[in-house]
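Asker: Using the sequences provided together with the hints, build the complete structure.
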Amino acid sequence: MKKGQIYTAVINEIEFPNKGIAVVEDRKVCVKGTYPGQEVEFVLAKKRSGVSQGRLQSVIKPSPLEDVPPFCEHFGQCGGCSHQTLSYDNQLKIKEEMVRKLLDGVVNDYEWEGIVPSPSQWQYRNKMEFTFGDEYKDGPMALGMHKKNSFHDIVSLKDCKIVHPDFNVILNSVLDFFADSDIRFYKRLSHEGTLRHLVVRRSVSNGDLLVNLVTTTQQEVDVNGLSEVLLSLEKDGILSGHIAGILHTLNDSLADVVTCDRLDVVYGQDYFYEEILGLKFKISPFSFFQTNSKGAEKLYEKARQYVGQIDGKVVYDLYSGTGTIAQMLAKVAKKVIGVEIVEEAVEAAKVNAKLNGLDNCEFIAGDVLKVLDDIDTIPDIIVLDPPRDGIHPKALTKIIDYGVENIIYISCKPTSLARDLAVFEANGYKMVKGCCVDMFPGTVHVETVCLLSRNK
1 MKKGQIYTAV INEIEFPNKG IAVVEDRKVC VKGTYPGQEV EFVLAKKRSG
51 VSQGRLQSVI KPSPLEDVPP FCEHFGQCGG CSHQTLSYDN QLKIKEEMVR
101 KLLDGVVNDY EWEGIVPSPS QWQYRNKMEF TFGDEYKDGP MALGMHKKNS
151 FHDIVSLKDC KIVHPDFNVI LNSVLDFFAD SDIRFYKRLS HEGTLRHLVV
201 RRSVSNGDLL VNLVTTTQQE VDVNGLSEVL LSLEKDGILS GHIAGILHTL
251 NDSLADVVTC DRLDVVYGQD YFYEEILGLK FKISPFSFFQ TNSKGAEKLY
301 EKARQYVGQI DGKVVYDLYS GTGTIAQMLA KVAKKVIGVE IVEEAVEAAK
351 VNAKLNGLDN CEFIAGDVLK VLDDIDTIPD IIVLDPPRDG IHPKALTKII
401 DYGVENIIYI SCKPTSLARD LAVFEANGYK MVKGCCVDMF PGTVHVETVC
451 LLSRNK
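At position 148 of the sequence shown the residue is numbered 148 (my numbering), and the sequence of numbers has no breaks.
FYI, nobody ran anything at the bench for these hints, they're computed from the structure.
Wrong hints could be hidden among the right ones.
Pairwise CB distance ranges (calculated) [unchecked claim]:
# : residue 1 : residue 2 : range
1 : G207      : V332      : 23 to 33 Å
2 : D373      : E39       : 50 to 60 Å
3 : K354      : I375      : 18 to 28 Å
4 : A45       : T397      : 20 to 30 Å
5 : P69       : K137      : 30 to 40 Å
6 : L231      : S87       : 38 to 48 Å
7 : K28       : D373      : 37 to 47 Å
In silico EDC-like pairs for lysine to aspartate or glutamate, Cα to Cα no more than 16 Å straight-line [what the hints assert, rightly or not]:
#  : residue 1 : residue 2
8  : K2        : E25
9  : K28       : E41
10 : K331      : D359
11 : K282      : D270
12 : K32       : E15
13 : K298      : E275
14 : K394      : D359
15 : K313      : D359
16 : K430      : E405
17 : K433      : D109
18 : K398      : D367
19 : K334      : D380
20 : K430      : E111
21 : K46       : E25
22 : K331      : E362
23 : K147      : E96
24 : K456      : D401
Values in this document were obtained by computation on a predicted structure and should not be read as measured data.
A virtual CB, placed ideally from N, CA and C, is assigned to each residue, including glycine.
Answerer: So, in structure tokens, the structure goes:
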């Protein structure tokens with residue numbers, strides 16, 4: 001095989017999250033974005049002694065798993081969804097099989113409870129971060145998602161299917177407002193321009209909306225004029241939800257992420273409320289909250305089931321975010337201590353606990369690795385919901401050293417989970433049971449929940 005040459009192959013298997021594996025000239029090649037049974041054409045991008053890397057050029061023959069037409073007009077161009085040619089049953093099947101393959105590589109003799117589907121396959125997201133740019137170099141302004149496999153080009157979304165229609169109305173109105181203006185979009189390489197992102201959040205429980213325009217300080221922006229346009233959408237009945245707040249975030253960071261140097265409230269307020277499992281949560285512009293509210297209920301119900309009997313017990317909720325799991329458990333536990341490195345999330349957790357009348361929750365801001373040394377109260381059970389990269393090895397050792405009988409591990413990245421499970425298994429813990437919860441239909445992502453028990 002030669003680097004840069006085009007090859008044809010049939011994909012034999014898939015590895016998490018979207019790595020199709022083919023064999024060409026007795027060499028394994030990974031081609032991302034493919035499915036088992038597809039015949040594909042690819043360019044050999046990297047030749048390695050282990051698994052070489054191929055860059056997909058075209059699909060010559062679809063997989064037998066691809067059994068439905070794509071539902072969204074942007075499919076194929078937009079880098080958001082990838083699974084729309086698969087029926088939802090086949091999406092679930094692929095995700096479950098990939099997770100099981102990873103788990104079976106490190107643990108054995110456990111009870112597998114399958115995959116819990118999302119309550120909604122479409123219109124499930126409560127938050128989207130849209131990006132300003134152009135669809136091609138020096139083209140007209142676009143606002144939407146990055147093109148598939150592109151860092152620069154943006155696809156303007158007219159009718160995204162994984163969000164409520166209110167999102168599309170707002171997105172297209174904002175693009176129309178700026179399209180004929182002299183306000184330029186921000187260019188990631190030259191760091192010139194003003195318009196960066198549009199972040200829209202919508203409460204599933206009551207329809208409240210937060211609209212957050214993110215810009216640099218390089219040009220003055222008529223945010224009051226934009227506010228009038230957006231409010232007219234609600235007044236004219238074009239929006240079904242209520243605009244709780246219109247916000248302007250100023251961000252001069254060089255990184256292509258939504259961060260805040262200054263936040264101005266242009267209209268209304270900078271928060272709304274969401275309800276999950278009978279609990280109320282105050283959601284602010286930068287609060288972490290599961291993007292699939294109804295799916296989150298399924299995830300937390302499964303975690304609560306795995307926690308079991310906790311009356312009179314102390315629970316550690318490590319990597320606790322805004323304290324959703326902690327507050328769900330606090331209704332029955334003696335005490336719950338949440339640890340989270342993001343200070344804003346901790347402050348939000350404290351507000352939410354007060355909002356729900358819970359006085360047995362304690363939330364601590366800091367790195368789990370360091371904070372554990374300063375907590376005097378010993379846990380009876382530990383719940384883990386770490387970021388995508390999993391748990392720091394030294395923090396993992398400290399968690400194991402508590403010697404609690406049961407640990408619940410929630411993971412958004414099965415490869416990190418499998419790595420950490422191998423450490424737990426080597427240190428006296430056994431995975432008793434687990435399952436997947438699909439929070440992200442149409443995409444490669446999935447949540448996994450595991451119950452670990454200490455060997456006696």
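Asker: Hints the structure violates: just list their numbers, smallest first.
Answerer: 4, 14, 23
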